[in-house]
Each structure stands twice: as structure tokens, then as C-alpha cells.
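The lines below spell out each chain.
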Amino acid sequence: MPLSRRAALGGLGALAFAGLGHGRAHASPDDPAFLSAARASDGGYRIGGLDGALETSEGVAAPVRLHALSLRPDGAEAVAVGRRPGDIALVLDGAGRARRSTFGASPGRRFAGHGAYAAHGRTFLTSEINAETGEGWIVLRDVAGGYAPRAEWRSGGIGPHDVASLGGRVVVANGAKEPKTDPGIRSLGLTTARSNVALLDPATGAVEAIAETEADLASLSLRHVVGTPDGGLLVAAQDTEAGARDRPLVARLAGARLRWLDADPDLLARLGGSVCSLAIDRSGRFVAASGPKGGAVVAFDLRTNDAVGAVAIPDVCGLASVGDGRFVATSGLGEVALIAVREDGAAIVRRRASALRWDNHLAGHAA
Amino acid sequence: MRKTLMIACAVLASGGAARAAAPEPGPLAISVIEQWLLPRNDALAEAAAVQRDAWRAACADGDYAGDLAALRERYQAAADAWAAVEHVTTGPVSLSLRPDRIFFFPDKRNAVAKALAELEAKAKAGEVPDDTFRASSVAGQGFPALERLLYEPPDGEPAARCRVGVAIAGNLATLTGQIRDEWRSDVGPLAKLKAGQGDPVHFADPGQAAARLLTDLAGGIQRDVDMKLLPVLGANLDTARPKAAEGWRSNRSARTLKASVASLTAMAAIFAKAAPAEIAASDGKAFAAAQAAVAKLPDDVGEAAADPKRRKVVEQAVAALKVAQANIVKDVAPAIGVPLGFNALDGD
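Protein chains in written order, with the numbering used here: chain A, 1 to 367; chain B, 1 to 348.
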């Protein structure tokens, strides 16, 4: 089994590298295709860009450590939310080279590091956590009005992390747990609440469905969501039990249930018990999950719901699709890797070192 | 990249008069590999080869019961050698699930016992072919499975258990020999590094090699804390889990930590040598304190964690290891201009 996968890598490695396209109508060809929070060689926080040839460019400096970026659908603006527990978010131009304004979390609440454009870029959603109780909120902000809050909804759980507008719904990963020690949110370290994924009505915020982790997976914290081209939803988890790496970490949402991709345990263990980012390829068949603790990206085939292979990339987190069976991954050691995935294996087909060290998520338009 | 690193060096150098210029990352990585890693890889491959030969000899008569003491001794020596390098994720060890095949841990779903039972069933009919063995669960391919054959009450056919033991010991010798040889190969990652190049599989350039090895060092301390001590301690005395300790069957729970921390200390010293003297001195102190704290751990670390009178010793080892890790992350890494990863360490 490991050997047949290995044998497959030779074939994959020989695949020619296809250039990455730009998906944006309004962006200039010189603009980066992907944006991420990063750290420069002097240790300062900064926006980093990656172009279609995986060339790195330095964007604007940031006053605080950022987490996830969101690109407005027209490509002309982006938001970078402060890392959890954060208090400010930066509004940037679409290339991440200029800072236009900032906005803050609601009183008494902290940002979770994630946000999402909705309503064709007219609304921006932020996931926010009541620092005292851990209760989750989704705050709707008016993009044209300087990202001022217009409404707020319950997130459907405790300690929300990722929020997305997918398939006509607002999707929230309510993490419930505190997976980091310092400086986390204290109330999340104390709660026994289960983690869930909540689907909210985009017009009213009414909870349409909540899919909660089962009793035997209660140590999991659901933290990131992505949508498949056919309207499906996938969620990724981190195991808050130290050293645990044998629980499933990627699930498909089926109504109010989580259907775990119960993959080959040997490959699953490569993730080290924690998924940092998920990405689905252009074809919608393959999903890549990055595991910084395990130092690997594991690829899954959604036709079989099994893992097809893993590649080693220490401190990896950022992931994005760059075509059919193609992903780009970024790491905290400054590595940028192009990964090819097939039904019989995964391989790194190109890797580059960059002066920027990539901090968590990679944002771009779906390729 | 080289240009960028030189700029980074210049920035660091101008940061203060006391701060020496950062070392070139390529030579630093080469020092760590040649002075620290290769000798330990050699020792591991040698210990595993000795263990393989001992199993073959012991099983010549189809039953190893009479050679248990000698085989246990070989096991302990080989497991010590693995503990010295188990935190390394850089280089040939990262291929083909080698770390899991050598030492599957933690084992929360009893995967080792299941895999071992499957292997024993296959071995009843005769030798387990190499292909069959390699395609079996990784949990049954390495040290933890061998530990059960050596330290749990014998159960099953002696001849089948012998065949499995020989296969596992042979597999360990093969894997550790491959790691040793691939590092030393003329076209291996070290040769690339010495030519000032990156390696398509292991690191994009020499700067990455130094960064990955330093991250392995910081991650190694974290690994000892997160995987070997905190799960045993639990949140409090009532939730302590003695059986979560690594190697409790073979009485290795403390011994493996001592071997690991001694090796981490030696690795840290090579990086620290590239830092200004005062930083190197504080690094030496932090690691000496961690070694002293770990030296106080009783053999039954797991039981101690659940004992109100002895729990403190385990907690003190955690605290001392965290200080040593902070020393690497906060002092040594910036002083030598080598970036550390953070996605793995910081959470989201």
C-alpha cells in the first residue's frame, strides 16, 4: 500500500507544470493571484502575494499579526482579519499593497481571524467571540459604509472560527474548544461544549441546521469550511487532545450530520491531529488538507472518500487550488510548493523558498 | 534567496553592536548534520543491525524464550538510539511513512496489538514475505510491536512469534540503514547542501535546511512535552493516565525521555555555538536544567503522575523543557538569523 503509492509518485513528478491563471476580471496581470498574512525576514508582519509563477511579492506592512484574508469577488478589495483573539481588521486594495482603512471587533468581543464577503461583495461577515462567555456571533458589515456593523446573529455555537458564504447559506465552524495555550480565549479552555458546523439563513440569520461532533469525537474542534463546486460542504478539525492523531479530521456535511472521511489511518496520522487549511481542486474531486503539526499535506479523493497520498511540507498551512488536481501550499518556513494529486497518489512537482514566511491561510479566487 | 538572507544578516548586524553577524545557513546546517545527525543515524542503524542479528540467532531453534534477556537488552539499546533522532523530520526519514513504521506512537486505538495479531496469524503458515510485511499496518512494523513480543506474557505459537520478531527486527535494520545511507549518498541532501544547492525533495535551499533542522529541535522538545508527559499528567491528579506513558511495558518511560533530552541538548549546542557567547551560555544553562529535571523522573513516570507525592517531579520536567524550548525560539533563533516555523507551534 505505501509502496504502490510511492510508485505512483514517479509518474506524478513527471507531469508538466501548468501555469496558474488569474481568475479575476478587474485585476491587473501583475497583481498577485494569492494573498496571505506573512512575516518578513526582519520579523515584521506583512501581507505577502504569490503570482501565477509562484513568485513572491511583499505587500503592505501590518501593525498586528493577521490570520485569514478574504478577496472581494471583483478583486478590487481585500480584508485581513487580526489573528485570534484579535481586535482589528485591515481593509486593503485587491493586490494587498495598500491599506485603505481598518475596523474593529464589536464591544466585548474578539475577532477569530476569519471573515467572508457575502451578497456579491456588498456585505462582509466577521466571526466574533464574546471573550467572557465564549458565545459566538456573526456580525454583518456594510462594505460601502466603511465595514460598519449592520446586523448581528448568533453563530449557533461557542467559539466560532471560520465563516463562509457558500451555496446560498452562511456557514460557521463553531470550534468550541481552545486549541492554543497562549494567548487563547480563557472561556474556551473551560467549556465542555461540543464543536459544530452551523448553517444560517443568509437573510435572517436563523439557524437552518447544526451538525455537531459525536461523543467519541468530542475532543475535535471544527475550525475551517470549504464548499465543493456541486454545492457540498467540507469541514476540517483540530484534535485538542495532545498527541492524538488517529481521529478523522475531515468531514462532509450531510444535512445535520458529519460524514467523516475515515481514511487510511497511516495517511491520516501524517496530519498530526490537526488540519490548518482545506482546499478543493477545480474539478471538485480532490480535497487537500494541511497539517502543520504533522508537517504534511494529505490529499483525499471525494469519489472514494479515502486519502490518496501525502506529501511532507514542514509547518505547512496555506492551501489553494490552482487547477484540476493541483494545489499550491505555503509554509511558516517560507516554502511554496506546487502539489499534484491523482487518484493513485500525491507529489510535490515544484517547490521554492521565499523570503516571506507564510502565516496560516492563503486566499485567492478559485482556480 | 541568498541575496535576501544577506540583507537579513545586515539588518541583524546593524541591530546592535553586541550582535555578531548571523552565520551562513548552509554551513550551519552542514555542521548540524555532520556533527550531530550522521553519528546518531550510524549508531541507530548499527544498533538495529545488531538487534536483527540477535533475533535471527535466537530464532534459529524456532523459539526465542531462552534468549529473552539478551533480546531485551538489544531492544533497549536500539530504542535509545531511535529516541536520539526521533524528532528529526528533515531528510530521508520523511519518506515512505518511515517514522510511523519505526515507532508508531501514540497508539490510542490499540492499533499495535491488532497489527501484531494479524502478522502472527500470517506467520503461522511460514515466513512472512517482505512484500506482505511492508503492506501490513505500519503499527505492527516497528519498536512498539517488538516491545509486546518481548515484554508481554507469551501467547500463541512460538515459531510464528519468532517469524514476526525476525521480520520486525529486519525491517527496523533496513529502514534505519536506508536513512543512514540516503543522507550519505553522493546525490543525497547533504551532498546538495555542500554544493550550495537545494534538494527537490527535502529543502528548497540551504537556508531552508537550517530552518527545518532548528524547527525540528524546537519541535523535539515540544514532542517530549506534548506526547510523552502531558497526556500522562492529564489536567489534574484525578485525570492522570499512567498507561499513556511511552514504553511502560519495557520500563522505558523515563529512559526514553533521558535519551531524547540528552540528544536535543547536543543538537542545541551546535546551533548555540553560532550565536553570541551570552546567548550560547544561557542556552547551555536552560538545557542543563532540562536534563537535570528529566534525570529526576522515576522509571514509572506514568505511576508517578498519578501519585500526589511524586506528581511534582513530572510537572517540573515539563516546566524545565518549556524553558529550554523558549530559549531556542526566543533567543537562539533570532540571534543566528534562522527562521522558525510557527504554524505548527502557535495554533490558530
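Hints in this document: simulated from the structure, not taken from any laboratory.
Treat the hints with caution; some may be incorrect.
Just so you have them, the derived chain A footprint on chain B, three or more residues with Cβ under 8 Å [said to hold, decoys possible]:
1) 27 to 41
2) 218 to 232
3) 339 to 346
Cβ atoms here follow ideal geometry from the backbone N, Cα and C, with glycine treated the same way.
Hint check results:
Chain A is given as covering the stretch 27 to 41 of chain B, and this is violated because 0 residues of the stretch bring a CB closer than 8 Å to a CB of that chain, at least three being needed. Here the stretch 218 to 232 of chain B counts 4 residues with a CB under 8 Å from a CB of chain A, which clears the bar of 3, and the coverage holds. Only residues whose C-beta sits within less than 8 Å of a C-beta in chain A count toward coverage, and the stretch 339 to 346 of chain B has 7 of them, enough to reach three; the restraint holds.
Violated hints amount to a single one, hint 1; each of the other numbered hints is respected by the structure.
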